[in-house]
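**Q** Based on these hints, arrange chain D on the given structure of chain P.
Chain by chain, the residues:
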Amino acid sequence: MNDLAFELSGVSKKYRYFTLEDIHLKLPRGQIMGLIGANGAGKSTTIRVLMGLVHQDSGEVRVLGHRMPAEQVAAKWDIGFASEDMRLYDSMTLDWHMRFMRSIYPNWDASYAQLLLQRFGLRAEQKMKGFSHGQRVKAALLLVLARKPQLLVLDEPTTGLDPVARHEVLRELTGVMAEEGRSILFSSHNTQDVEQISDQITFIDRGRIIDSMDKETYLDRWRRLRLEVPLGIELPPLPGIVGVQRRGRLAVATSNAFVPDLAHAYEHTGVRVQSIESMTLEEIFVANVEHNREEVEA
Amino acid sequence: MTSSVIGHLILKDWRLNRLLISLSIGVGLIALVIAQYAGGAARLLGSVWFFVSLCILGSMLPASAILNERKKQTLAFVMSLPVSSVQYTIAKALSTSAMFLVPWLTLLISALVFIEMRHAIPHGIIPMLLILAMLPLIAFCLISAIALVGESEGWLMAASILCNSSYWFVWYLLARIPSLTANWSGPVAVWNPAALIVLAAEVGSIASIVGVTFFFQSRKRNFI
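Order-wise, the sequence lines are chains P and D.
Just so you know, we're using this note's numbering here: the first sequence kicks off at 13 and counts up by one.
Just so you know, we're using this note's numbering here: the second sequence kicks off at 27 and counts up by one.
Only chain P is shown next, with the shape it has when bound in the complex:
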């Protein structure tokens, strides 16, 4: 059995005003990957390529061991997909949708579906047109989760949800992982949601993967150093420093490969290190994007 939930190698897709460029991405089975990017960064395109809904121009995509898009039918039996812009049939009830899914998927777990109905506070007999946005998202997730898929692919599932609904959805996603071998790819521009549940985090910007590693490594490597620079001293360019903002004698340096020696290196040049601060995932994402854009434009 292949031990990867999915693997994208050198995937490119060109549109008139947007290009997904040379995407390399893989997720071992049993893990959650958060895909973070600004609007229009390429999250949805990456996910659509992964699902076989959009055919890549070049590169190889394998999902649960199946080549995509050629073997998408076989792969989709074990993939649960939901996206923020996905709608269910307005004129039909949630119960009709549940029966429809149950008729297709032999793995449908009716008792789990009932449990989710209660947990999400949904009414099966209600027509979809009467559902709020949050209820629609939860209904779509119910239909996906009760199928017990090996891989969950969720494109911005928490966008537009209130804090309570977001918490319910994230709790359920975490619960899914209790079953061995199940994996989740989950895109969002909300770094808090991703940070809460992900093992691995990938940043995407302007159609390119700019960084991908496990959450702890991000949090360990990225630091903000507050510096006091005496008059007449220039800040030296040090390895691992990806951005410096200077205002008079004060400067803030951002490092993506922090080691204690970095602070010593500054002090060695006469710069006083006032503090070394951890960064939130959102700060890391923004600093990463800015650094990457500077590099591309240089």
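Since the hints were derived computationally from the structure, they do not count as laboratory data.
A few of these clues could be false.
So, partial list: chain D residues that the calculated Cβ filter (under 8 Å) puts toward chain P [as the list claims (entries may be wrong)]: (1) 36; (2) 38; (3) 42; (4) 44; (5) 46; (6) 47; (7) 98; (8) 99; (9) 100; (10) 102; (11) 103; (12) 106; (13) 109; (14) 110; (15) 119; (16) 248.
All C-beta atoms in this analysis are idealised placements derived from N, C-alpha and C, irrespective of residue type, glycine included.
**A** Same frame as chain P, now just chain D:
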């Protein structure tokens, strides 16, 4: 297993569009009754209604069954199921065709039964009735093909306007073929070469539309 998914998709479309199908059958049957039992202007009105009900169904069904899936963003839900884009097209082609053919055949057979039983309308009209009844079927196929391949409301509207505004012109052209019109008030249906050629051309155009649709759909690289 995949054929069973296609079956479920077809049943789903039937369920979602059953009101439209029932309405078109109902309106068409009422029109037929008027055409058969009324006289003078009411008979003409009933005959026109009969064709109009098929023409409207031919325009509305592709919009409701095909384009709405994209417009109302339910396509992503369908495409998350274990089907490929070609299998989706097969399911869509089968379901929409069946949803059109059931009322079309019901109304056509009813019209033939009425003509046979009531003798109010001469049997000579039967070849022309079939030729004219094929027109909404061709229009339906063309509008459905454009809805599937074009994926936009604009294209669908353009195709509907083109088809619906062409009926009268085609009727006019057909009425100018003497060998078609010579026998339509006669007591017997005459299947002369002109009638058979026109019918064959109509069937051929439907086959071409279906072939071209599957050709374009199988070459699509972006389905959503």
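**Q** Give a verdict on every hint.
**A** Each hint tested on the structure:
{"no.": "1", "hint": "36", "result": "12 Å, violated"}
{"no.": "2", "hint": "38", "result": "6 Å, holds"}
{"no.": "3", "hint": "42", "result": "6 Å, holds"}
{"no.": "4", "hint": "44", "result": "11 Å, violated"}
{"no.": "5", "hint": "46", "result": "12 Å, violated"}
{"no.": "6", "hint": "47", "result": "14 Å, violated"}
{"no.": "7", "hint": "98", "result": "6 Å, holds"}
{"no.": "8", "hint": "99", "result": "4 Å, holds"}
{"no.": "9", "hint": "100", "result": "5 Å, holds"}
{"no.": "10", "hint": "102", "result": "4 Å, holds"}
{"no.": "11", "hint": "103", "result": "5 Å, holds"}
{"no.": "12", "hint": "106", "result": "4 Å, holds"}
{"no.": "13", "hint": "109", "result": "6 Å, holds"}
{"no.": "14", "hint": "110", "result": "5 Å, holds"}
{"no.": "15", "hint": "119", "result": "18 Å, violated"}
{"no.": "16", "hint": "248", "result": "5 Å, holds"}
Violation of the numbered hints given earlier is confined to hints 1, 4, 5, 6 and 15; the remaining hints are satisfied by the structure.
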